[in-house]
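Chemist: Each chain, letter by letter, is given below.
There are 2 protein chains.
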Amino acid sequence: MTTIYQHGTLAQLVARQMSGTITVAEMLEHGDTGIGTFEGLNGEAIFLNGEAYQADSTGKVHHITDKQTTLPFASIHFDQPEASQKLPFKKIKYSNLTQNLKDEQLFNVFSALKLHGEFAHVHVRIVTKQEKPYPSLLQVAEQQPEFKADNITGTLVGYYAPKVFGGPTAAGWHLHFLSDDLTFAGHVLDFEATDVDGTLEVFDNFLQHLPINNADFRSMNQDIAGLDKAIEASEGGKN
Amino acid sequence: MTTIYQHGTLAQLVARQMSGTITVAEMLEHGDTGIGTFEGLNGEAIFLNGEAYQADSTGKVHHITDKQTTLPFASIHFDQPEASQKLPFKKIKYSNLTQNLKDEQLFNVFSALKLHGEFAHVHVRIVTKQEKPYPSLLQVAEQQPEFKADNITGTLVGYYAPKVFGGPTAAGWHLHFLSDDLTFAGHVLDFEATDVDGTLEVFDNFLQHLPINNADFRSMNQDIAGLDKAIEASEGGKN
Chain S
1 MTTIYQHGTL
11 AQLVARQMSG
21 TITVAEMLEH
31 GDTGIGTFEG
41 LNGEAIFLNG
51 EAYQADSTGK
61 VHHITDKQTT
71 LPFASIHFDQ
81 PEASQKLPFK
91 KIKYSNLTQN
101 LKDEQLFNVF
111 SALKLHGEFA
121 HVHVRIVTKQ
131 EKPYPSLLQV
141 AEQQPEFKAD
151 NITGTLVGYY
161 APKVFGGPTA
171 AGWHLHFLSD
181 DLTFAGHVLD
191 FEATDVDGTL
201 EVFDNFLQHL
211 PINNADFRSM
221 NQDIAGLDKA
231 IEASEGGKN
Chain A
1 MTTIYQHGTL
11 AQLVARQMSG
21 TITVAEMLEH
31 GDTGIGTFEG
41 LNGEAIFLNG
51 EAYQADSTGK
61 VHHITDKQTT
71 LPFASIHFDQ
81 PEASQKLPFK
91 KIKYSNLTQN
101 LKDEQLFNVF
111 SALKLHGEFA
121 HVHVRIVTKQ
131 EKPYPSLLQV
141 AEQQPEFKAD
151 NITGTLVGYY
161 APKVFGGPTA
171 AGWHLHFLSD
181 DLTFAGHVLD
191 FEATDVDGTL
201 EVFDNFLQHL
211 PINNADFRSM
221 NQDIAGLDKA
231 IEASEGGKN
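As given, the protein sequences belong to chains S and A, one line each in that order.
Here the first sequence stands for residues 1 to 239, numbered as in the numbering used here.
Here the second sequence stands for residues 1 to 239, numbered as in the numbering used here.
Read the hints as simulated data drawn from the structure, not as lab findings.
Ideal Cβ placement from N, Cα and C applies to all residues, glycine included.
Careful, some of the hints might be misleading.
[What the hints assert, rightly or not] Just a few of them, taken from the derived set where beta-carbon distance is under 7 Å, the chain S residues facing chain A:
no. : residue
1   : Ala11
2   : Ser57
3   : Val61
4   : Pro168
5   : Asn205
6   : His209
7   : Ile212
8   : Asn214
[Claimed, not checked] Covered stretches of chain S, going by a simulated chain A footprint (3 or more residues, C-beta under 8 Å):
no. : region
9   : 86-92
10  : 151-165
[Stated by the list, open to error] Between beta-carbon pairs, the in silico distance windows are:
no. : chain 1 : residue 1 : chain 2 : residue 2 : range
11  : S       : Lys148    : A       : Glu104    : 22 to 28 Å
12  : A       : Gln99     : S       : Leu182    : 52 to 58 Å
13  : S       : Lys148    : A       : Gly50     : 56 to 62 Å
14  : S       : Asp223    : A       : Gln80     : 53 to 59 Å
15  : A       : Lys90     : S       : His62     : 54 to 60 Å
16  : S       : Ser219    : A       : Ala233    : 52 to 58 Å
17  : S       : Glu51     : A       : Asp204    : 23 to 29 Å
18  : S       : Lys129    : A       : Glu192    : 50 to 56 Å
19  : A       : Asn213    : S       : Pro135    : 39 to 45 Å
From just these sequences and the hints, can you work out the full model?
Modeler: Set out below in structure tokens:
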């Protein structure tokens, strides 16, 4: 039995609910590996080996040692190499990732991808910290810094989610990157690598935790009609 | 911490995946109160006090004592009256249920409703058992027997789910009914009652379990574009 734990929803960010409603410490009770964003969309979160890292919108990477730091939306799982499939990729890039994994039949299940090695190219974006009253994720997505690096050694980590869960989470791939030397990180827009290896873990359980005691979350107006378009514009990954 | 556990998705029924992939015994490990359907859409399931009941499409109600009976889609939780809000309703009907509960701010959270008493009127439908190759839920919905009862004592039980989870589950209300004398049950299309009481339980966690070892589920083609319309036609409850 393997579980991906998610706090909050992607849809709530579109509905301007960006207050931190879970701490890093609480997230780490449910896993050691994952991704997310911090309160007010203050950069991209990466959980690796039970530690939390933040890529801020200037491109700097911080090791988050204050475990009371909060997040509005994040996903995490326990990395279990023994329960995962080994993935040595000879040559891989984002645009053919799904095709390369087609035999794994990932379309209808949640899975985690973790790749480590030297990447020929990584292209990321990093969300910019917002202040209250928070805008919609869609507005934030219109202006977010992008960064690129070549021949960089690090870890690509994230999830595949079935299309039917688009809204609660990002459908398709949602991947972050963290370089070994902590100089480069972010939400992956594109990547290319030769000879990286890693693992693919398929989950039985998707455990969705909601901030039910947060008044703004309880009263938010979730516009379903505009949701798909907003998510596509702001988070659209490769399917 | 309260959890609603769901096996399978409503969307998979639209995609013709109706094989039983969890047993009654396994469901009951995750709760004592809930709803669902049996393999091949063989009637409506009601879990109450840790027991499973089936309303078949002739209108008969069966106490399911074979715990190896399987279901493709079902939701369950542990009834916790002490963690629930008491709900004495003086006069209630399906069409004003949401309005009556508007102070509870249910729109963005999962919750369970359980009402017991004498109902002035209950109108149900019961899905009809299908054979392989299974049709879509949409086709099944076009011809399903309906039954009505007046002045009947029983339990109304089911869930409210946020609209953004429409697809994985039924958005809005999804309620079943079981009479105390086990003569009448089904998926609730309408009801009206005076002086019933019950409880409302709000969940922190939505635990989605998927049948990842089922080959048909792994390879199913989930048509997202037509999903909302199909679910509205087949399961459309009150929002």
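Chemist: Taking the hints in turn, state whether each one holds.
Modeler: A quick look at each hint next to the structure:
1. Ala11: holds, 5 Å
2. Ser57: violated, 27 Å
3. Val61: violated, 32 Å
4. Pro168: Status holds, d = 6 Å.
5. Asn205: Since the shortest Cβ distance to chain A is 5 Å, the answer is holds.
6. His209: holds, 5 Å
7. Ile212: Ile212 of chain S check passes; min Cβ-Cβ to chain A is 5 Å, inside 7 Å.
8. Asn214: violated, 10 Å
9. 86-92: Not satisfied, violated; 0 residues make the cut.
10. 151-165: holds (count 4)
11. S:Lys148 / A:Glu104: 22 to 28 Å: violated, 49 Å
12. A:Gln99 / S:Leu182: 52 to 58 Å: Given range 52 to 58 Å: holds, Cβ gap about 53 Å.
13. S:Lys148 / A:Gly50: 56 to 62 Å: Roughly 57 Å apart at Cβ, these two residues keep to the hinted range, so it holds.
14. S:Asp223 / A:Gln80: 53 to 59 Å: violated, 33 Å
15. A:Lys90 / S:His62: 54 to 60 Å: holds, 57 Å
16. S:Ser219 / A:Ala233: 52 to 58 Å: Violated - the Cβ-Cβ distance for Ser219 of chain S and Ala233 of chain A, about 31 Å, lies outside 52 to 58 Å.
17. S:Glu51 / A:Asp204: 23 to 29 Å: Holds, since Glu51 of chain S and Asp204 of chain A (Cβ atoms, about 26 Å apart) stay within the stated range.
18. S:Lys129 / A:Glu192: 50 to 56 Å: holds, 52 Å
19. A:Asn213 / S:Pro135: 39 to 45 Å: Holds: the Cβ-Cβ distance is about 43 Å, inside 39 to 45 Å.
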